[in-house]
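Asks: Adding 77 to a residue's 1-based position in the sequence shown gives its number in the numbering used here.
Derived from the structure by calculation, the hints contain no laboratory data. Even for Gly, the Cβ is constructed at its ideal location relative to N, Cα and C. A portion of the hints provided could be inaccurate.
Ranges between beta-carbon positions, derived for each pair [as the list claims (entries may be wrong)]:
1. L234 <-> P264: 34 to 40 angstroms
2. Q178 <-> K215: 19 to 25 angstroms
3. A174 <-> A219: 30 to 36 angstroms
4. A88 <-> A168: 29 to 35 angstroms
5. A113 <-> T160: 20 to 26 angstroms
6. R257 <-> G227: 27 to 33 angstroms
7. I232 <-> G158: 47 to 53 angstroms
8. R182 <-> G122: 19 to 25 angstroms
9. D268 <-> S105: 32 to 38 angstroms
10. A113 <-> D268: 31 to 37 angstroms
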Amino acid sequence: MPDDAAIDQPAIGHPLYIAWGRVVLHMSDQGITAEANGLRFTRDGRITFRPYTDIVEINLAMNPVHKSAEMAQMTIRFFNGLTMRILNTTAWGNVDADQTQHYYRFKADLHERLIESGAAANIAFTTGYTSGRGTFLKVALAIGAIFFIGTPIVIFLMTGQAQALLVCVAGAGLILPFYRASKRNEPGRYDPRSPPDMLA
C-alpha cells in the first residue's frame, strides 16, 4: 500500500536531457520530475505528464564513448510504444559530471516514487542491451579483434616489424571499452528497491 507521507514529499525537478526513441545529434527537451503518481517532463518544448501506470518497462544500460567517460542511459517504455531515453549528457551528447550527478539523483528519486505509489509491481525492470543488440556487438567485437589484434600479431610473426605491435596495442585500446560494455550490458532484471549502477 502506498506510503501517503512519503508520497507527499516535494517533487524535485532534474535538468536532464531527454531523447525520444531515435538517434539524435542534439537534444532540445530538458527537464523531468518524478512526482507522486507520475512523470512530468518536457517534450517538443511543452510540459507533459504521464502517470506511472502508463510505464511498462524501465531499462538501465551504459554506452562507451570514445575518449570520454561512459554514458548512462535509462530507457522508459510506455504502453503505447513511446520510448523515452534519459542520459547523463549535455544537449550534444557529451558526458557531463554535473549531469551524471543529476542522473543518479533522478534514478533514485524515480524508483522510490514507483515503489511508494505501488506502480512498481506492474513494471519490468531490466538491465543491459536487448539480445539482438548484444549479439550484434559481440559479432562486431570478434571481427574487430581479428582485424585490429589478430592480423597485426600475424604480420609481426611473419615480418618482425615492430610497427605491427603498435597497431595491435592501439587496436586493443579501441576494442576494450566496447568489450567492457558488452559484459556490463548482459541482459538481466533488477530489484527496483536497489537499482544497479551501470557505470560502476
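Asks: Evaluate each hint against the coordinates.
Replies: Against the structure, the hints:
1. L234 <-> P264: 34 to 40 angstroms: Holds, since L234 and P264 (Cβ atoms, about 38 angstroms apart) stay within the stated range.
2. Q178 <-> K215: 19 to 25 angstroms: violated, 32 angstroms
3. A174 <-> A219: 30 to 36 angstroms: 34 angstroms Cβ-Cβ, so the 30 to 36 angstroms window holds.
4. A88 <-> A168: 29 to 35 angstroms: violated, 23 angstroms
5. A113 <-> T160: 20 to 26 angstroms: holds, 24 angstroms
6. R257 <-> G227: 27 to 33 angstroms: violated, 20 angstroms
7. I232 <-> G158: 47 to 53 angstroms: 49 angstroms Cβ-Cβ, so the 47 to 53 angstroms window holds.
8. R182 <-> G122: 19 to 25 angstroms: holds, 24 angstroms
9. D268 <-> S105: 32 to 38 angstroms: holds, 34 angstroms
10. A113 <-> D268: 31 to 37 angstroms: violated, 22 angstroms
When held up to the earlier numbered hints, the structure conflicts with 2, 4, 6, 10 and fits the remainder.
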